[in-house]
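Undergrad: Line by line, the protein sequences give chains A and B.
Mapping of the first sequence onto our numbering: residues 1 to 383, in sequence order.
Mapping of the second sequence onto our numbering: residues 1 to 383, in sequence order.
Please keep in mind that the hints were generated in silico from the structure rather than gathered at the bench.
These numbers were taken from a predicted model, which means no experiment stands behind them.
We treat Cβ as the ideally placed atom computed from N, Cα and C, and that holds for glycine.
Warning: the hint list may mix true and false statements.
What the hints assert, rightly or not - Listed below are the simulated DSS-like cross-link pairs for lysine-lysine, each with C-alpha atoms no more than 27 Å apart in a straight line: (1) K116(B) with K161(B); (2) K41(A) with K248(B); (3) K190(A) with K229(A); (4) K13(B) with K248(B); (5) K116(A) with K13(A); (6) K185(A) with K159(A); (7) K116(B) with K116(A); (8) K73(A) with K248(B); (9) K41(A) with K227(A); (10) K13(A) with K248(A); (11) K248(A) with K41(B); (12) K190(B) with K248(A); (13) K161(A) with K116(A); (14) K159(A) with K190(A); (15) K185(B) with K41(B).
Claimed, not checked - Stretch-level coverage of chain A by chain B, calculated; a stretch enters the list once three of its residues show a Cβ under 8 Å from a Cβ in chain B: (16) 67 to 76; (17) 139 to 145.
Protein chains: 2
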Amino acid sequence: MRQVAIIGIGQTKIDEQWDKSLREIGGDAAFAAMQDAGIEKVDSLFIGNMLSSIVSGQNQLGTFFSDWIGLWKQEAVKIEAACGSGAAAFRSALMAVASGDTDSALVVGVEKMTDKAGHEITAALATAADADYEVEQGVTFVGLNALVMRRYMHEFGWKHKDFAPFSINAHANAMHNPYARLHEKINLEKFENSSMVATPINLMDASPIGDGAAAAIIVPAETVTRKPKIVVAASASATDTIAVHSRKDPLFLQAAYLSSRRAYDMAGVTPADIDLFELHDAFSIMAALSLEASGFAERGQGVRLALENRISPQGDVPVCTRGGLKARGHPVGATGMYQIVEVVQQLRGECGQTQVDGARIGMAQNIGGSGATILTHILKQEE
Amino acid sequence: MRQVAIIGIGQTKIDEQWDKSLREIGGDAAFAAMQDAGIEKVDSLFIGNMLSSIVSGQNQLGTFFSDWIGLWKQEAVKIEAACGSGAAAFRSALMAVASGDTDSALVVGVEKMTDKAGHEITAALATAADADYEVEQGVTFVGLNALVMRRYMHEFGWKHKDFAPFSINAHANAMHNPYARLHEKINLEKFENSSMVATPINLMDASPIGDGAAAAIIVPAETVTRKPKIVVAASASATDTIAVHSRKDPLFLQAAYLSSRRAYDMAGVTPADIDLFELHDAFSIMAALSLEASGFAERGQGVRLALENRISPQGDVPVCTRGGLKARGHPVGATGMYQIVEVVQQLRGECGQTQVDGARIGMAQNIGGSGATILTHILKQEE
Chain A
1 MRQVAIIGIG
11 QTKIDEQWDK
21 SLREIGGDAA
31 FAAMQDAGIE
41 KVDSLFIGNM
51 LSSIVSGQNQ
61 LGTFFSDWIG
71 LWKQEAVKIE
81 AACGSGAAAF
91 RSALMAVASG
101 DTDSALVVGV
111 EKMTDKAGHE
121 ITAALATAAD
131 ADYEVEQGVT
141 FVGLNALVMR
151 RYMHEFGWKH
161 KDFAPFSINA
171 HANAMHNPYA
181 RLHEKINLEK
191 FENSSMVATP
201 INLMDASPIG
211 DGAAAAIIVP
221 AETVTRKPKI
231 VVAASASATD
241 TIAVHSRKDP
251 LFLQAAYLSS
261 RRAYDMAGVT
271 PADIDLFELH
281 DAFSIMAALS
291 LEASGFAERG
301 QGVRLALENR
311 ISPQGDVPVC
321 TRGGLKARGH
331 PVGATGMYQI
341 VEVVQQLRGE
351 CGQTQVDGAR
361 IGMAQNIGGS
371 GATILTHILK
381 QEE
Chain B
1 MRQVAIIGIG
11 QTKIDEQWDK
21 SLREIGGDAA
31 FAAMQDAGIE
41 KVDSLFIGNM
51 LSSIVSGQNQ
61 LGTFFSDWIG
71 LWKQEAVKIE
81 AACGSGAAAF
91 RSALMAVASG
101 DTDSALVVGV
111 EKMTDKAGHE
121 ITAALATAAD
131 ADYEVEQGVT
141 FVGLNALVMR
151 RYMHEFGWKH
161 KDFAPFSINA
171 HANAMHNPYA
181 RLHEKINLEK
191 FENSSMVATP
201 INLMDASPIG
211 DGAAAAIIVP
221 AETVTRKPKI
231 VVAASASATD
241 TIAVHSRKDP
251 LFLQAAYLSS
261 RRAYDMAGVT
271 PADIDLFELH
281 DAFSIMAALS
291 LEASGFAERG
301 QGVRLALENR
311 ISPQGDVPVC
321 TRGGLKARGH
331 PVGATGMYQI
341 VEVVQQLRGE
351 CGQTQVDGAR
361 IGMAQNIGGS
371 GATILTHILK
381 QEE
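Please take these sequences and the hints and turn them into a complete structure.
TA: The structure is reproduced here in structure tokens:
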């Protein structure tokens with residue numbers, strides 16, 4: 001396998017982009033990545049997306065975007081793994097370049113969600129869960145996460161307000177990210193008094209949806225002269241059961257454990273070597289569970305990392321340094337690519353007030369469904 | 001890149017499978033492929049599917065099936081390229097094995113379509129076209145193909161009945177394929193007198209939808225001892241504009257031309273070396289255009305190959321040897337994998353009355369949209 005490097009990144013602000021079509025949103029991120037890389041052409045295109053067939057009546061996004069972006073004739077394909085679609089597309093592109101089949105690939109994670117009413121999006125998001133054995137019973141996607149959070153609080157003795165530091169950190173970091181959906185500093189009072197979504201998950205535990213796209217361009221590492229050189233040190237994907245109730249232990253993200261361990265092995269690192277961790281805080285409970293399964297905290301102790309303020313950009317386990325899903329926003333199929341782009345920004349030292357000092361190794365972890373599909377990528381800055 | 005071999009295949013009968021769920025249909029093909037390969041475990045799973053989110057309310061099919069099939073913990077992902085999803089999933093799996101990242105992959109193309117009413121499926125299939133610039137104007141997917149067929153007849157002077165031999169050949173071959181949707185021999189009279197769908201496309205020009213799944217297992221070729229050894233000699237994918245009206249020449253399948261030429265180069269063959277060609281006859285016009293763009297006939301002369309009876313299993317350009325999309329059936333996201341499976345059957349010499357004598361090199365070509373995404377695979381029998 002050839003080693004792969006990232007030579008360009010691009011992203012759009014996550015928002016209600018009612019004045020922009022699906023193609024324009026994805027195109028904007030793609031063009032930004034090509035401009036950043038200083039190239040006008042790539043050999044192949046990989047799109048990560050979950051909902052375009054339902055929300056926009058558009059399938060075949062690979063060719064849809066190769067046409068719009070001006071990559072006529074080139075290979076193009078779409079990859080879907082629910083909210084893990086972005087990282088899954090990145091991983092597919094990696095395989096294509098690593099195998100030697102293609103010499104450059106553009107990966108775009110894109111999602112347009114706000115053209116539909118809330119209840120329609122709730123139904124669309126439920127397609128990430130098990131249609132026959134979860135959704136058919138009336139549970140929503142946030143409902144599933146609420147069940148997990150309630151059980152976690154019961155099992156390990158945490159109170160709802162103990163999760164607050166995750167959201168406070170995410171909102172504080174997003175203040176310095178122009179692409180973030182929410183620019184609003186919050187405190188414990190705001191966290192505790194927010195409207196309930198599905199007990200115990202309230203608005204401040206839950207990430208906002210949005211329209212947005214993020215993109216990256218990858219090539220064989222040996223061809224790159226730009227400095228700092230950002231290489232993909234590891235890529236791993238693992239799965240769990242699709243339904244939460246099928247798991248022996250619904251409080252342990254098996255797929256995060258497996259994909260992070262494979263990634264650590266591949267990169268030759270341990271959690272202590274990771275300078276920042278862009279995790280998948282779709283709900284605050286998922287931030288805690290991700291930290292635990294990925295080896296940063298003992299079982300039931302992920303919350304403590306946040307309470308002890310170790311997750312800020314100045315802490316020893318910085319997470320959501322650009323706002324995370326909670327405040328940067330969660331355009332589902334695009335999120336995995338936002339995470340990759342943000343890790344690159346950190347490794348390039350472009351993050352201003354939320355820059356992690358001397359960041360050399362960053363990790364991104366993207367989750368599809370309620371922990372069903374989890375992809376872990378480790379990026380390294382060389383020189 | 002490592003060379004890759006196919007060690008197991010499986011498929012279900014294409015039908016209205018109202019007594020089987022999406023998971024059962026995909027699982028049946030997967031289990032059959034594992035049994036054929038004599039293995040119980042693979043490292044990774046690639047699903048090709050187009051419509052499950054719309055028809056079954058189910059996304060994230062990678063993990064959905066890894067769970068059902070018993071491949072817990074393994075990598076799993078879904079690839080979508082409209083009706084080209086099956087071959088696109090096969091190609092993604094190839095890259096993963098060829099790169100050295102994974103040592104065995106199961107690819108399943110699966111589609112469940114008949115749970116919805118006809119007008120709902122017509123709308124769902126239209127997501128393969130351009131939502132903004134084609135579908136919004138009221139055109140259906142068959143309508144687009146009808147425009148192309150009409151223009152072809154006008155341009156090259158063919159009559160509707162000249163396309164009949166494509167359907168007659170497909171129906172004749174399907175008689176000997178137990179997995180085919182239609183077991184009904186047709187003649188010119190039946191072809192000419194069938195109900196109109198979208199002028200000039202009538203029922204006998206159009207492939208039937210259905211529920212079905214087809215699967216294959218691939219591994220590095222050097223590990224295979226089973227004979228005959230079926231290797232993947234070439235894999236290529238190319239795109240055109242997504243909307244038909246954007247093309248300079250809507251009668252030339254640019255993406256078929258590009259992907260077939262890349263495949264010929266990769267495999268070191270010419271069209272004359274291809275012993276059989278499983279092409280994408282979603283409509284009879286597409287059979288003619290595929291033969292032309294892939295180098296088997298001059299522009300406007302694809303129909304002549306059929307009229308001269310050269311496309312039967314005994315001809316020099318056998319196509320649709322198991323019934324093609326027209327009579328085997330077209331469960332959209334599964335079709336590309338049916339084609340791969342059928343080429344393997346031919347190269348193994350398992351096709352009985354429709355066996356192509358001495359078949360050593362077979363080609364499969366899968367189309368997404370109205371020629372927008374086209375993938376070509378060439379398989380070879382070694383020893």
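Undergrad: Give a verdict on every hint.
TA: Now the hints, each set against the structure:
{"no.": "1", "hint": "K116(B) with K161(B)", "in the structure": "32 Å, violated"}
{"no.": "2", "hint": "K41(A) with K248(B)", "in the structure": "21 Å, holds"}
{"no.": "3", "hint": "K190(A) with K229(A)", "in the structure": "41 Å, violated"}
{"no.": "4", "hint": "K13(B) with K248(B)", "in the structure": "40 Å, violated"}
{"no.": "5", "hint": "K116(A) with K13(A)", "in the structure": "19 Å, holds"}
{"no.": "6", "hint": "K185(A) with K159(A)", "in the structure": "22 Å, holds"}
{"no.": "7", "hint": "K116(B) with K116(A)", "in the structure": "22 Å, holds"}
{"no.": "8", "hint": "K73(A) with K248(B)", "in the structure": "13 Å, holds"}
{"no.": "9", "hint": "K41(A) with K227(A)", "in the structure": "21 Å, holds"}
{"no.": "10", "hint": "K13(A) with K248(A)", "in the structure": "39 Å, violated"}
{"no.": "11", "hint": "K248(A) with K41(B)", "in the structure": "21 Å, holds"}
{"no.": "12", "hint": "K190(B) with K248(A)", "in the structure": "58 Å, violated"}
{"no.": "13", "hint": "K161(A) with K116(A)", "in the structure": "32 Å, violated"}
{"no.": "14", "hint": "K159(A) with K190(A)", "in the structure": "16 Å, holds"}
{"no.": "15", "hint": "K185(B) with K41(B)", "in the structure": "40 Å, violated"}
{"no.": "16", "hint": "67 to 76", "in the structure": "holds (count 7)"}
{"no.": "17", "hint": "139 to 145", "in the structure": "violated (count 0)"}
The structure fails to meet hints 1, 3, 4, 10, 12, 13, 15, 17 from the earlier list, while all remaining hints are met.
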